[in-house]
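A.B. asks: Position in the sequence shown (from 1) plus 133 gives the number in this note's numbering.
Worth flagging that the hints you see were computed from the coordinates, not collected in a lab.
All residues carry an ideal CB built from backbone N, CA and C; glycine is no exception.
There may be inaccurate statements among the hints.
[Said to hold, decoys possible] Computed cross-link-like contacts, DSS-like style, restricted to lysine-lysine with a CA-CA straight-line distance of at most 27 Å: (1) Lys-243 x Lys-136; (2) Lys-299 x Lys-428; (3) Lys-392 x Lys-479; (4) Lys-299 x Lys-243; (5) Lys-472 x Lys-392; (6) Lys-136 x Lys-163; (7) Lys-163 x Lys-137; (8) Lys-285 x Lys-299; (9) Lys-243 x Lys-428; (10) Lys-291 x Lys-428; (11) Lys-137 x Lys-243.
[Claimed, not checked] Across the chosen pairs, the derived CB separations fall in these ranges: (12) His-431 x Asp-377: 42 to 52 Å; (13) Lys-291 x Glu-441: 17 to 27 Å; (14) Asp-434 x Ser-135: 35 to 45 Å; (15) Lys-290 x Ala-442: 27 to 37 Å; (16) Arg-293 x Leu-430: 14 to 24 Å; (17) Gly-309 x Glu-441: 24 to 34 Å; (18) Ala-459 x Glu-212: 51 to 61 Å; (19) Lys-290 x Ala-476: 30 to 40 Å; (20) Gly-435 x Ala-346: 28 to 38 Å.
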Amino acid sequence: MSKKTLYLHIGTNKTGTTTIQRFMARNRAKLRARGIFYPEKGPNSGGNHSMFARDLQQLSGGKIARAELWESFLQQVDESTLAMTVVSGEVFWSFGKELPHVQRMIGDLKAHFDDIRVVCYLRRQDLYLRSCYVQAIKSGRSSLGFHEYIEKIAIGKKYRAHEYDKSLDLWASAFGVENIIVRPFERAQLHERGLVVDFCEACNIDWRPFNVASARVANVSPGVRVMAALLYAQTQLPSQKGTDLVARRQTALCSAMAKQLSSSWDDTPFIGFRYGESRAFLDRFRDGNAYVARKYLHRADGRLFYDEAYQELPDGVDDGVTLTPAEIAQVDELVSQVKAELATLKA
134 MSKKTLYLHI
144 GTNKTGTTTI
154 QRFMARNRAK
164 LRARGIFYPE
174 KGPNSGGNHS
184 MFARDLQQLS
194 GGKIARAELW
204 ESFLQQVDES
214 TLAMTVVSGE
224 VFWSFGKELP
234 HVQRMIGDLK
244 AHFDDIRVVC
254 YLRRQDLYLR
264 SCYVQAIKSG
274 RSSLGFHEYI
284 EKIAIGKKYR
294 AHEYDKSLDL
304 WASAFGVENI
314 IVRPFERAQL
324 HERGLVVDFC
334 EACNIDWRPF
344 NVASARVANV
354 SPGVRVMAAL
364 LYAQTQLPSQ
374 KGTDLVARRQ
384 TALCSAMAKQ
394 LSSSWDDTPF
404 IGFRYGESRA
414 FLDRFRDGNA
424 YVARKYLHRA
434 DGRLFYDEAY
444 QELPDGVDDG
454 VTLTPAEIAQ
464 VDELVSQVKA
474 ELATLKA
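Given these sequences and hints, build the entire structure.
C.D. replies: Here's what the structure looks like:
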């Protein structure tokens, strides 16, 4: 049996993962011709492999309830004659230690691959927080104001996601420090040709035969008025949790609403952080970031992120806005369209 290498891209989310995944999926055949296997996820040929990870997380009585997609991935690996496999899914970043699905994943990967490299992009925590909040609002998954989100989600429910040192050490304990590839998600620290080229080089892929110039950041960043409109829309839409058909469709429709409003409204960037709040949040993680820089990037100065500019509102300024009657009417019409489509799914 020939030796097989895996490059497992675990995120984090909000670091251009969608752009990377679309590039890899779009070039799946060309990659195969060069000895690189980028799997399909069951009947869906999209580029995001997070469903493999989610499949392992379906627990019943503390044990894995089912893992059809994960096992289909392993079967694809067994059937592939290609020496290199690349898998990309942000949900892998959420894996914690001493859990059944994590141990199952580690064991299966070691059984199917001779060489395993873990690729991870890290965004400065304050910028990562704001980007996660914007994503939650534009996808219709949250109706919290920014500061309520910081307290309940970022500091409360998902604080662990910002502790990069602890998460990376989990992966290092499984696959070795030398096999963890950390890339700070900052323009000055990425390849001069952009994120996709940076990712290709991290995975030892020759990017020159590909049209990397066509790869662009895929996500829309709503401004302050659009964010207010989306929060208003959430007061009229049912709260959706989980990943069933209706929830997924509502997320897609809300994201489409955000894109439509962002393209038609004059707006200013959403800042969120008041004066001093951004740097205060980042200060929570400075020691851990220095640890990551020294251990995984071999930087004696302990600098993980080079950008020291903070995106905060001026002292005494708030970015709250009041929508005009015309803007409210436009949002009401879009919400009615969303409700009508969701009703057809439930019928």
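A.B. asks: Confirm or reject each hint.
C.D. replies: Hints, one by one, checked against the model:
no. : hint                          : verdict
1   : Lys-243 x Lys-136             : holds, 12 Å
2   : Lys-299 x Lys-428             : holds, 12 Å
3   : Lys-392 x Lys-479             : holds, 25 Å
4   : Lys-299 x Lys-243             : holds, 22 Å
5   : Lys-472 x Lys-392             : holds, 18 Å
6   : Lys-136 x Lys-163             : holds, 21 Å
7   : Lys-163 x Lys-137             : holds, 19 Å
8   : Lys-285 x Lys-299             : holds, 21 Å
9   : Lys-243 x Lys-428             : holds, 23 Å
10  : Lys-291 x Lys-428             : holds, 24 Å
11  : Lys-137 x Lys-243             : holds, 10 Å
12  : His-431 x Asp-377: 42 to 52 Å : holds, 45 Å
13  : Lys-291 x Glu-441: 17 to 27 Å : holds, 25 Å
14  : Asp-434 x Ser-135: 35 to 45 Å : holds, 42 Å
15  : Lys-290 x Ala-442: 27 to 37 Å : holds, 28 Å
16  : Arg-293 x Leu-430: 14 to 24 Å : holds, 22 Å
17  : Gly-309 x Glu-441: 24 to 34 Å : holds, 32 Å
18  : Ala-459 x Glu-212: 51 to 61 Å : holds, 57 Å
19  : Lys-290 x Ala-476: 30 to 40 Å : holds, 31 Å
20  : Gly-435 x Ala-346: 28 to 38 Å : holds, 35 Å
Checked against the numbered hints given earlier, the structure satisfies every one of them.
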